[in-house]
Amino acid sequence: MSSETGRSSEAVLDRLSTVTGPVNRALQPLANAYNRLLGGYFGEMNGLQFVLIVGTLVGLLTAPLWGNYALIQSMVAASIWAILAMGWDIQSGYTGYISFGHSVLSGGAAYTTAMLIHNVNPELPLLVTIPVSVLAALGIGLLIALPSLRLSGPYFSLITFVAVLIFYRMMNPFSEYTGGETGLSGLEKIFDVTAPAASYYLFLLPMLAVAAALLIVARSNIGLILVAIRENESAVEAAGINATKFKIWSFVLSSIPMGIGGVLLAHRFGNVDPATFIVVDNSIEMIAMAVVGGMSSILGPLGGAFLIILLEDVVLHALGLEAELRWAILWAIVLAILVFARDGLFRKLWHGLERLGGDRR
Amino acid sequence: MLDQILSVLLLGAVVSAIYALVAIGFTMIFGVGGVLNLAHGGLIMVGAYAYVVLTSPSILGGITIPPVAGFAGAVLITALASYLLYAGLVKYIEDNIIITFLSTVMVALLLTELIHHEFGASPQGAPAVLSGSLHLEGVGTRIGYMYLLGFVLSWITIGLLWYYVTQTDEGRSILATSMSERGAQLTGVDLTSVKSRTWLIAGAFAGIAGVILGTVEPTTPAMWLNPLANAFIIVVIGGIGSIKGSVVAAYLIGYLQQFTIEFVGQGYVGIPSLIVLVAVLLLLPEGLYGREFAHE
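Chains as they are written, first to last, in numbering that gives the first Met the number 0: chain D, 0 to 360; chain V, 0 to 295.
The hints are simulated quantities; they were obtained by calculation from the structure and are not laboratory data. Think of the CB as a built atom: it goes at the ideal place given N, C-alpha and C, for glycine as much as any other residue. Incorrect hints may appear among the rest.
To be verified - Selected chain D positions facing chain V (Cβ under 8 Å, derived; list incomplete):
| hint | residue |
| --- | --- |
| 1 | L150 |
| 2 | L157 |
| 3 | E323 |
To be verified - From the derived model, a few chain D residues whose C-beta atoms are all more than 10 Å from chain V:
| hint | residue |
| --- | --- |
| 4 | L26 |
| 5 | L51 |
| 6 | A69 |
| 7 | I97 |
| 8 | I129 |
| 9 | R149 |
| 10 | L203 |
| 11 | G239 |
| 12 | V279 |
| 13 | I283 |
| 14 | L309 |
| 15 | H316 |
| 16 | R346 |
Full structure from sequences and hints, please.
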């Protein structure tokens, strides 16, 4: 059934491309200038794709000019979640080792920040706490990766799921330092409600930087090897490449954005607690965003994060639905995408634009 | 001291029996189809809520269904829900392991939100099938009859499953499929029927566990996570796909948790079992009775 609709939609696209082809050709010089300058780092695109990317970028950067307060607030949340979803993607999406444990990495970084301020010195500047917290995420990432990467497939996923439970349960026995169920509060809030526009960039710019860095990595040889591990791990080993080493690298690459995202999340709310920072639901949300956008594409999870957050926070909220129903609808959408559009919406859009642009060469 | 040990022995046996029920259903589905059914916890919740609805007096025009009939009905509903999950969703996507288990996660979350919407977050009171409790003077502990019923039912169902899987042709075809899908197919086993039966059995087990858990603990929309997490730990320790491993590991974990509650403290429950889990993974990655995951 799906291949049938796929074929007919491709035919529609091909017919449309007679109209959109000339548009694409008109835009091509712009795209070519970009391709010559940066195409080697981020990948080449045609005119239509170039317009999509530049348009999105301009839209994100100018959001304070056209968006209202509520939208800006949602976009701050979406930026943080985009960092987390992309961080998940470089490890799980690319290697196919699906991790449910990534909320521990982001939560660990958030907790490190809070614990430094609470237990060490409340005067510590952000310049100290942020790097230490990101390093903590890296440490936790390796702590999870080293034993769990002995396993593969579903075993690996189960163990990372259990890792979340371990960290969640550690919160109570060490409640002297972690604040137990209630968590810790009193962190500096970098989202300033009186100047939402200025604070918005404190979240957007790190997100764009993470996206650019991960895109470069994903398109490098490292990214290629990670995909090869997903497709056929024994072939990678047979080619004389130590797959385990690269799987650990994928965790390292993933931990850093997870740490950044976790710290931003902590400073967004000004407090940390296990029920919003560590729970496995967080990991599942990241996975859902990556799935909706398209796993193993970096920009797909980015788009997925914005799509899910804006859908939940703005669109479904405007319909006046209760929180449970909003999430029920979102999970149903994610389920439908998993079943009917495995590759994700944004990958479909991207390839659709490629076809609409007609033959490039 | 002796009292505490006796109490650990008794409660541990009872709790482990319920864990075993959950873990067996989870492991059978994995063994036969290679499907990691993360909605298994959701099925437990379906069982518990079905029991609450069936036995509440407002349903069916004021006729009160006796708890025993409600129990049977809830188990039946859960088994059917499990079958529907297979026939309506998993059947079409089981070729891709990752897509399958991510889909079952979404089903579990969808169920949670829908139940949350329908019944609210507050715990629902489920009437006990057998009320009252056994007061053991010598040991100084109290065991609800529901726990004892769970223990007895667990062993009856495990016994029946063992008989079915080893003594009947239908059951043996399930065992054969879990050993080698291709081999079973070559000897004329109807895979669709085997998988349907497996999901029905796993659903019924989840239903029994759900009703018992729902009566001894609060029935809430969050009740699925802990049993599922315990089932994970048990199944990994026992070896994914092994029924015997699940039973052994369920008792190991059940006793370990009771021991921790009694001698270390409620707050630490779960941590020792996680340490055992990590140790097993490092020393025996396939679990106690597991075998290497057969490649296609």
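Against the structure, the hints:
Satisfaction of the interface hint for D/L150 is found here, the shortest Cβ-Cβ separation to chain V being roughly 6 Å, below the 8 Å cut-off. Taking 8 Å as the C-beta cut-off, the interface hint given for D/L157 holds, the closest approach to chain V being about 5 Å. Restraint check, D/E323 versus chain V: the minimum CB separation of about 4 Å is within 8 Å; hint holds. With 10 Å as the threshold on Cβ separation, the claim that D/L26 sits away from chain V holds: the shortest Cβ distance comes to roughly 36 Å.
With a cut of 10 Å on Cβ distances, D/L51 stays outside the contact zone with chain V, its closest approach being about 27 Å. The Cβ of D/A69 lies farther than 10 Å from every Cβ of chain V, with a closest approach of about 23 Å, so its non-interface assignment holds. The beta carbon of D/I97 is not kept farther than 10 Å from every beta carbon of chain V, the shortest such distance being approximately 6 Å. Under the 10 Å C-beta cut-off, the non-interface status given to D/I129 relative to chain V holds; the minimum distance is some 30 Å.
A beta-carbon of chain V is positioned within 10 Å of the beta-carbon of D/R149; the least distance is around 6 Å. For D/L203, the shortest C-beta to C-beta distance to chain V comes to about 29 Å, beyond the 10 Å cut-off, and the non-interface label holds. With a least beta-carbon separation of about 22 Å from chain V, D/G239 lies farther than 10 Å from that chain, consistent with its non-interface assignment. Consistency note on D/V279: stated as away from chain V, yet its beta-carbon is not over 10 Å from all of that chain's, at 8 Å minimum.
The claim that D/I283 lies off the interface is violated: its Cβ sits roughly 6 Å from the closest Cβ of chain V, which falls inside the 10 Å cut-off. The claim that D/L309 is not at the interface with chain V holds, since no C-beta of that chain comes within 10 Å of its own (minimum 19 Å). For D/H316, the non-interface assignment is confirmed: its Cβ lies about 15 Å from the closest Cβ of chain V, beyond the 10 Å cut-off. Its beta-carbon lying about 15 Å from the closest one in chain V, D/R346 satisfies the requirement of being farther than 10 Å from that chain.
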